[in-house]
Amino acid sequence: MKYFLYWGCSLEGTGANFLVSLKPACEALAMEFEEIEDWNCCGASVSYAGANDLSIKVLNARNLALAEAKGSYDIVAPCSSCYIQMIKVNHEIQEDPELLKQVNECLAEGGLSYKGGIKVRHIQDVLYNDVGVDKIKEKVIKPLNGLKVAGYVGCQSVRPYGEYDSVDKPVVQDRLLEALGAEAVPFPKKIRCCGSGIFLPEIDYCLELVKDILEDAINHGAELVSTVCPMCAMNLEMYQGRVNEKYGTDFDIPIVYLTQLMAVAFGLDMKKDAALNYNIIPPEGILQAALGH
Amino acid sequence: MEKNVNYDPSFAQEVFENVDAGEEIKMCMNCGVCAGSCPLRFNMDYPPRQIFQMIRLGKREEVLNAKSIMLCTSCYTCKVRCPRSIPVIDVMHGLAHYAIKQGILTRRDTANFGREFWNQVYRLGRIDEKDLPRRVFFAAGFIEGIKSTLKYLDMGLKLLLHRRMKLLPERKIKGIQSLRKMLDKAEKMGKGGAAA
Numbered sequence: 001m002k003y004f005l006y007w008g009c010s011l012e013g014t015g016a017n018f019l020v021s022l023k024p025a026c027e028a029l030a031m032e033f034e035e036i037e038d039w040n041c042c043g044a045s046v047s048y049a050g051a052n053d054l055s056i057k058v059l060n061a062r063n064l065a066l067a068e069a070k071g072s073y074d075i076v077a078p079c080s081s082c083y084i085q086m087i088k089v090n091h092e093i094q095e096d097p098e099l100l101k102q103v104n105e106c107l108a109e110g111g112l113s114y115k116g117g118i119k120v121r122h123i124q125d126v127l128y129n130d131v132g133v134d135k136i137k138e139k140v141i142k143p144l145n146g147l148k149v150a151g152y153v154g155c156q157s158v159r160p161y162g163e164y165d166s167v168d169k170p171v172v173q174d175r176l177l178e179a180l181g182a183e184a185v186p187f188p189k190k191i192r193c194c195g196s197g198i199f200l201p202e203i204d205y206c207l208e209l210v211k212d213i214l215e216d217a218i219n220h221g222a223e224l225v226s227t228v229c230p231m232c233a234m235n236l237e238m239y240q241g242r243v244n245e246k247y248g249t250d251f252d253i254p255i256v257y258l259t260q261l262m263a264v265a266f267g268l269d270m271k272k273d274a275a276l277n278y279n280i281i282p283p284e285g286i287l288q289a290a291l292g293h
Numbered sequence: 001m002e003k004n005v006n007y008d009p010s011f012a013q014e015v016f017e018n019v020d021a022g023e024e025i026k027m028c029m030n031c032g033v034c035a036g037s038c039p040l041r042f043n044m045d046y047p048p049r050q051i052f053q054m055i056r057l058g059k060r061e062e063v064l065n066a067k068s069i070m071l072c073t074s075c076y077t078c079k080v081r082c083p084r085s086i087p088v089i090d091v092m093h094g095l096a097h098y099a100i101k102q103g104i105l106t107r108r109d110t111a112n113f114g115r116e117f118w119n120q121v122y123r124l125g126r127i128d129e130k131d132l133p134r135r136v137f138f139a140a141g142f143i144e145g146i147k148s149t150l151k152y153l154d155m156g157l158k159l160l161l162h163r164r165m166k167l168l169p170e171r172k173i174k175g176i177q178s179l180r181k182m183l184d185k186a187e188k189m190g191k192g193g194a195a196a
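Chains as they are written, first to last, in the working numbering: chain A, 1 to 293; chain B, 1 to 196.
Derived by calculation from the structure, the hints in this document are not laboratory data. In this text, all values refer to a predicted model and were calculated from it rather than measured experimentally. The beta carbon of each residue, even a glycine, is placed where N, CA and C say it ideally should be. Accuracy of the hints is not assured; some may be wrong.
[As the list claims (entries may be wrong)] Pulled from the structure, derived: some chain A residues nowhere near chain B, Cβ distances all over 12 Å: (1) Arg121; (2) Gly132; (3) Lys135; (4) Cys193; (5) Gly195; (6) Asp204; (7) Gly221; (8) Gly267; (9) Ile280.
[Claimed, not checked] Cut-off 30 Å, straight-line C-alpha distance, at most; resulting in silico cross-link-like pairs (DSBU-like, lysine-lysine): (10) A:Lys23 with B:Lys166; (11) A:Lys246 with B:Lys172; (12) B:Lys67 with B:Lys174; (13) B:Lys26 with B:Lys59; (14) A:Lys23 with B:Lys188; (15) B:Lys151 with A:Lys119; (16) A:Lys137 with A:Lys23; (17) B:Lys59 with A:Lys101; (18) B:Lys158 with A:Lys271; (19) A:Lys139 with A:Lys272; (20) A:Lys135 with A:Lys101; (21) A:Lys211 with A:Lys137; (22) B:Lys174 with B:Lys185; (23) B:Lys188 with A:Lys211; (24) A:Lys211 with B:Lys191; (25) A:Lys211 with B:Lys151; (26) B:Lys67 with B:Lys188; (27) A:Lys119 with B:Lys158; (28) A:Lys211 with A:Lys148; (29) B:Lys158 with B:Lys101; (30) A:Lys70 with B:Lys59; (31) B:Lys172 with A:Lys115.
[Unchecked claim] Quick list of the computed label-pair ranges, beta carbon to beta carbon: (32) B:Glu62 with A:Asn219: 36 to 42 Å; (33) B:Phe16 with A:Arg175: 27 to 33 Å; (34) A:Lys137 with B:Lys147: 35 to 41 Å; (35) A:His220 with B:Gly141: 40 to 46 Å; (36) A:His220 with B:Lys147: 49 to 55 Å.
Bound-form chain A, shown alone (with noise of 0.2 Å):
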C-alpha cells in the first residue's frame, strides 16, 4: 500500500510528534510513503485573513499538481487542517470545472496543471478502511489492557465530508482504539472544537472550550486522550495550565495522537518510535501502568 504523504508545517514542529510515531507505526502496517516534493503549507484555517479564497485554492491545487505529476497514489495528510484545505479544493474542482480552469491558469504562470484525478484522504481513512482493525489486532504484541482513553475527534478530520465517518456521530478513532486493546470511552464533547488556529490570538474565549472538553473526556472515565490533529493536540495540552489557572481546575491529563498509542501497542520503542518523550504532560506512567510495567 503506498500513498502520498502530505504532513504539512506543524508536524515538524509543534505537532512532531504525530510524525515521529507515524511512521513506524505505519511501516509496520506494510504502508508505504513518498513526500510530495517541495510541498508547500495549506493555508490552514485563517489564511482567508490576508487571501482572496482563489488564492487558498491554488495554493493547495499546486500540492495536488506536484504528486499527479509524480504518480496516481493517494494523498495521505494526517494534520486535519492539511487534509480538509486539500480535500476541499479537490472537491471544489471536481464539482466545478470552471473553477478547474481558473486554477489551472494560475498553476500555469508556474509552469503546473492539475487534472483532477488524484484522492485526499485522512490518515484514520487509511487506517480503519485500507489497513483494517484486524489487520492492526495482528500487529498488537503489547495490548492497551483495557486503558480508558477518549478519542477526540475535534472538526476538521471528519468534517464537512464525511468521506469516511460520521460528522456527527463519528466512530473510526474509537474502533482503531480498541483495536489497541484500548477502552474507547463515549463522550459527547468529542466533536466540540478546540478553538483550532484562532486560539493563540482569542484566548479569552478558547480557554473554555478546552476546559469543557477535558471535563467531558475526564467524567467519562477518560485517563488520556488521544488526537489526530496538531491543533487539538496543542490546544488540549499546552493550555491546560492557563485553564487551571483560570477556572481553578486541576487539569493534567496526558494528550498523545492515536499513532503514538499505536506505536506503544505494536510494541517499537517508547522514544524513537512512539516519541512519548515530546509531550510536555508524560503519559509514559499510565500507559506503562496499563502495560503492567
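Mind docking chain B on chain A? Use the hints.
This is chain B only, laid out in the frame that chain A set:
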C-alpha cells in the same frame, strides 16, 4: 421578527459581487441552526443568521464591524448542519477578508494572526511556528510585543525542550518564485474585493 422591514439591496449587492461565497446567503431562511451549532456563539455580537439578515437590511457598517465575522474557528459544524446547505463558514471567512481588506480590525490580534500567517505562506511557502507568534505579538506595538512574549515564554521553552520547536529559521521552498506568480495571478483573478 422586525415589523415593517425594508430591505435595502445596496449592501447585499456589494456582498454578492465582492465577497467570496457572498451570494450563498441568498438561501438563508433564518432558522438559526448555525447559531446553535457554533462553539463561540456566546462570544458573538450577532449570530451568523442575523449577520445574513443584516446584509439584506443594508446594515453595512454593523456587519463589517461585527466581532462575529472574525470569530470563526473553522469547525464546519454550521456547514454540515445548515438545512439549506449554506457554507456558513465560507461566508464568514469571506466577510472577514472583505472587512480586513478595508482596514477594519475589530479583532485586531486575530486579523494580525491571519494576515501574518498568509504573509509567511507568501514569503516562504511554509509556516515558521516560532516566527509567526513573534510577528503577531509585535504587530501590536513594541511594549505589547514584549509583554506577550513574556506571557508565552514558558510555553515556547517547553516546546523547545520537547523537540517541538525548530531551532533554525524555516527555509523557503524551492519553488517559491513560481508559487508567488501563481498566487499573484489568483489574487487578481479572484473575488475578495478591492479596498474601498
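Okay, the hints, checked on the actual structure:
1. Arg121: Answer for Arg121 of chain A: holds, closest chain B Cβ roughly 17 Å.
2. Gly132: 27 Å, holds
3. Lys135: 31 Å, holds
4. Cys193: Violated, because the least Cβ-Cβ distance between Cys193 of chain A and chain B comes to about 4 Å, which does not exceed 12 Å.
5. Gly195: Answer for Gly195 of chain A: violated, closest chain B Cβ roughly 6 Å.
6. Asp204: 9 Å, violated
7. Gly221: For Gly221 of chain A, whose nearest Cβ neighbour in chain B is about 24 Å away, the distance exceeds 12 Å, so it holds.
8. Gly267: 23 Å, holds
9. Ile280: Non-interface label fails for Ile280 of chain A: nearest chain B Cβ at 5 Å, not farther than 12 Å.
10. A:Lys23 with B:Lys166: Measuring from Cα to Cα gives roughly 19 Å; hence the hint holds.
11. A:Lys246 with B:Lys172: 39 Å, violated
12. B:Lys67 with B:Lys174: 39 Å, violated
13. B:Lys26 with B:Lys59: Distance ~16 Å between Lys26 of chain B and Lys59 of chain B Cα, so the pair holds.
14. A:Lys23 with B:Lys188: 40 Å, violated
15. B:Lys151 with A:Lys119: 42 Å, violated
16. A:Lys137 with A:Lys23: With a Cα-Cα distance of about 18 Å, the restraint between Lys137 of chain A and Lys23 of chain A holds, given a limit of 30 Å.
17. B:Lys59 with A:Lys101: 36 Å, violated
18. B:Lys158 with A:Lys271: 17 Å, holds
19. A:Lys139 with A:Lys272: Satisfied, since the Cα-Cα distance of roughly 18 Å is no more than 30 Å.
20. A:Lys135 with A:Lys101: Violated, at roughly 42 Å.
21. A:Lys211 with A:Lys137: 33 Å, violated
22. B:Lys174 with B:Lys185: 19 Å, holds
23. B:Lys188 with A:Lys211: At roughly 43 Å apart (the allowed maximum being 30 Å), Lys211 of chain A and Lys188 of chain B break the hint.
24. A:Lys211 with B:Lys191: 38 Å, violated
25. A:Lys211 with B:Lys151: Holds, at about 20 Å.
26. B:Lys67 with B:Lys188: Distance ~28 Å between Lys67 of chain B and Lys188 of chain B Cα, so the pair holds.
27. A:Lys119 with B:Lys158: 37 Å, violated
28. A:Lys211 with A:Lys148: The hint holds at about 19 Å.
29. B:Lys158 with B:Lys101: Measuring from Cα to Cα gives roughly 36 Å; hence the hint is violated.
30. A:Lys70 with B:Lys59: 50 Å, violated
31. B:Lys172 with A:Lys115: Distance ~27 Å between Lys172 of chain B and Lys115 of chain A Cα, so the pair holds.
32. B:Glu62 with A:Asn219: 36 to 42 Å: 40 Å, holds
33. B:Phe16 with A:Arg175: 27 to 33 Å: Given a distance of about 44 Å, which is not inside 27 to 33 Å, the answer is violated.
34. A:Lys137 with B:Lys147: 35 to 41 Å: 52 Å, violated
35. A:His220 with B:Gly141: 40 to 46 Å: 44 Å, holds
36. A:His220 with B:Lys147: 49 to 55 Å: 38 Å, violated
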